[in-house]
Amino acid sequence: MRRLRSWFSAMWTRLAGLRAREARAERTNDEFRFHLEMLIARNERSGMSRDDARRAAHVQFGGVDRYMERARDEHRSRPLEDLARDTRRAVRNLVRMPAFTTAAIVTLGLGIGATTVMYSIVDHVVLRPLPYPDADRLALVRVVAQELRDQVPSLAANSVRFLEWRERCVLCEDVGAVRATALTWAGAGDPVQLEGLRVSANLLPLLGARAQHGRLFREEEEESGANGVVVLSDAFWQRELGGDPGAIGRTIVLNDAPRVIIGVLPAGFRLPKRDELGARTQLPDEPQVYVPLTFAEWELRGQGGFDYAVIARLDPGVTATEAQAHLDDLESAITARVGPGLTISTLVTQLHDEVVGGSRRGLVLLLGAIAAVLLLVCVNLASLLLARNAGRAREAAVRVALGAGRGRLIRESLTESLVLALAAGLLGLVLAQLGLTALLQLAPSDLPRLHEVRFDGRVAVAGVMVSLLTGLLFGLLPALRTGGADPGAALKSGGRTQSQSRATARARMSLIATQVALTAILLVTAGLFLSSFARVLGVDRGFRAERALALDVVVPRSAYVDGASLGRVYDELLDRMNRIPGVTNAAATSRLPLDGLLWADAMSAENDPRPSDEWPLGNFHFVTPDYFATLDIPLRGTAFTRLDHGRSVVVLSAHAAALIFPDGQDPIGRRVQLGDRVLAEVIGVAADVAATGLATEQEPIVYLPPWTALGFSAAASVVLRTEVEPQTLTATARTAVRDAGAGIAIARIRTLEQMVAEATAARRFQLSLLLLFALTALVTACVGIYGVVAHSLASRRSEIGVRMALGAHRSDIHRLVVRQGVAAAATGLFAGFAVVVALGRLVQSLLFGVRAADPAVLLAVALLLAVVTAAASWIPARRATARDLALTLRD
Amino acid sequence: MGETARGDVIKGTVDMLVLQALQFGAMHGWGITELLEQRSESVLQIGQGSLYPALYRLEAQGLVTSAWGVSENNRRARYYSLTRAGRERLRLERAEWQRVSRAVSLVMQLRDA
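Going line by line, the protein sequences match chains A and B.
Residue numbers are given in the working numbering: position 155 of the first sequence equals residue 155, and the series is strictly consecutive.
Residue numbers are given in the working numbering: position 18 of the second sequence equals residue 18, and the series is strictly consecutive.
One or more hints might be untrue.
[Said to hold, decoys possible] So the derived label-pair ranges between C-beta atoms look like this: (1) Arg-84(B) - Arg-454(A): 51 to 61 Å; (2) Gln-60(A) - Arg-102(B): 51 to 61 Å; (3) Ser-105(B) - Arg-408(A): 23 to 33 Å.
[As the list claims (entries may be wrong)] Some, not all, of what chain A presents toward chain B, calculated at C-beta under 8 Å: (4) Ser-6; (5) Met-38; (6) Phe-236.
It is worth saying that the hints were derived from the structure and are not from the lab.
Think of the CB as a built atom: it goes at the ideal place given N, C-alpha and C, for glycine as much as any other residue.
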């Protein structure tokens, strides 16, 4: 206890000592003075004269300073006080040089901000495990059909297989399935189509979901007849039911059938979305409702529909490969049960890889870009500090001569760098917070796991770590140079020897070259992506997107009995649309361009001798007669009209025609076979349109009239060609749909221009990021080059003075400096271009229509950097030579 | 000054000597050196370079406290005094010293038999 107390008082003394430094110094002085006087007095008493006494006392006392130092050492807690003193001095020094300090903090802050933003995106999207418990045991199971391998590398699972796997897979803890669905809800007001998911009863628990209210599905609810239940998403529950817990137990009507609300999912829960799971129909981004999965009779026989995303939780320690082998073994049993059909093998992959995979390459590229920026910033700052310390060499030399330890000088330089780094780190974190918020607004909605990205502790720590590492990295270099200063040489007039000058000049040039090289790499990359993006935008889409409105609609089951009556519903709807003032054309289609594919089947010329599984696959779109006119798709021949009703006719896209009739003959008038069933006459050939994306090859499309045997489905898109701005007609269009009276629900309304923009969203996002980094790099390099040149001129003042005294004009000096700067930049450019060309292959897959070593881009970047370097060299040169000649020489 | 053996005082014993000197009352630094010098018949001469660091050390450890006072010749001087912890430490140090010095003596008494 006593020891504890004495420890406390010792600590207290130390801490109190920090604050009482001044008082202590004074006290020590007084004490020593007293002691000295007593010593003198004693000397006098033993017979010395006053002066001798004093002298002897002083000799005996020794150098007071040294003792005071040592005595003081016993008092203070050294490390803390040293740090405080060094920090105060560092801040004072930095404030004395506002230009340098601002430049350093801003460039480093930008770099750290950009790193933190990028890291937080990559961390949440790629690095972190999926937000489900034990996510590394989750796997996606798909099938591969040997016969369809070329066109369709993998398929979603079908119903039969899912059920077999669930029952028989011994390596799986559980197997669940999910399918997209759309349900019409006759809630308040107009019927609304809700995006939802049909899930097997075990899927939600498999993913670790728990209901926040109520419960989730039970196994028996998969039976049709017992499946009149629904689980709500939190968003739907909050929005439509006011977040009322009493909603559990109430009934809502979905697709004309009542369902009891049994539970609500938590707010943060999400399945992977869209095409991340490879289901034929894309999963919705934000499912509103979840209903139990029930299989129709026909799905349990034969092949069933290949439309189920199957997620399995494997037993601990089981790899995807082992599971795949096991499921393949089960195949033979399945085929025995189901009968011959396609040759199926399974494909089991880690769920994490599936969700993240596609975006990984793009994100890694961005990570590389950010590493380059950070490196650039470090080099930049190292050079700024180096240049500045060159100017302080004399001061350092004097201090070394007066006895300051080399360690102390290094420590002070380091502290300065650390203060800079921390200040910049703070700025960087603020910028990162703002930047992340802004970027998330901009980001395309199909960036996987986007909703998980947030600014959190890990990111902040990364930011500070980067800041400290940078501080240490560039703090050491100048500090070591300062510490190694040879006092004698520095104190000599002029301040440096010839060889030192040359070495410094080389160092300067290499700093400029490095900054230019890194900037060049970033600029070239950004330029390539910009060029690529421009090309993507310039792709001939095959249709006109301006002034067009698209409505995705769903016709409820109650409105029709068969294909013919469904057709009449659409006819009625289109009539109403046509009557809206401002609408010139209206048509319906099963799939809009760029909206993906719905149905692929084999197609061939009539009497094609090959068996049908060797025929090329085409995509089948059902369109009403006015479709081509509405979308302004060039058409050769004619489109089908109502007069063709009942006839079996088709229009082929150019690519489809080329596939079916490779001999190049005119397809019009000839007949084609579709699937195994339909024989139709070709009456027109339409220009290709982009079906899945602007950058991919255009798909072969077969356009069928709505009265064809298979006909429209209940979900279609209605397109309106308008004379006025399409948004202005949104309300009127809605009214027209309501007035059609069939209870048609609208899933989405957008303009075609919006649709095109969405298709390019991912590229635009990537491009924005790259441009941001490239711009940061350019600014940083400018500042860096300016700083290096300015300070080199400061230390070359006498050289300049001499030159001018010997007759050089101001412009000669300018030219000299600019030439040296550009020469250094040229070296950097070569290095940067070499790197770009070497790494080109890695980037090529992300580019469209542009070679990785595109000469136009390289030339543009070279010119830009040359101009920038020249300017950044010329301005300080001008300022240096503007001074009075006499002043320059006198220095 | 008479014959003095200006040997280095063994480090570490300075603390003990200072504590001992303060045992009977508060003293200033000069007083402590005087006392030790006189008492040891001028053998132990502690310079201010060793004394004051020792005093500050002891103070930091909470074994002595100090306060301003007025000296014999009406000068301002800093007086040091023992704390309870200081007394305890003195007791321990004395016991240790006696133990060690007895051991050394025993060894040094060995002669060629």
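Going through the hints against the structure:
no. : hint                                : result
1   : Arg-84(B) - Arg-454(A): 51 to 61 Å  : holds (58 Å)
2   : Gln-60(A) - Arg-102(B): 51 to 61 Å  : violated (35 Å)
3   : Ser-105(B) - Arg-408(A): 23 to 33 Å : violated (47 Å)
4   : Ser-6                               : holds (5 Å)
5   : Met-38                              : holds (4 Å)
6   : Phe-236                             : violated (69 Å)
Consistency note: the structure conflicts with the earlier hints numbered 2, 3 and 6.
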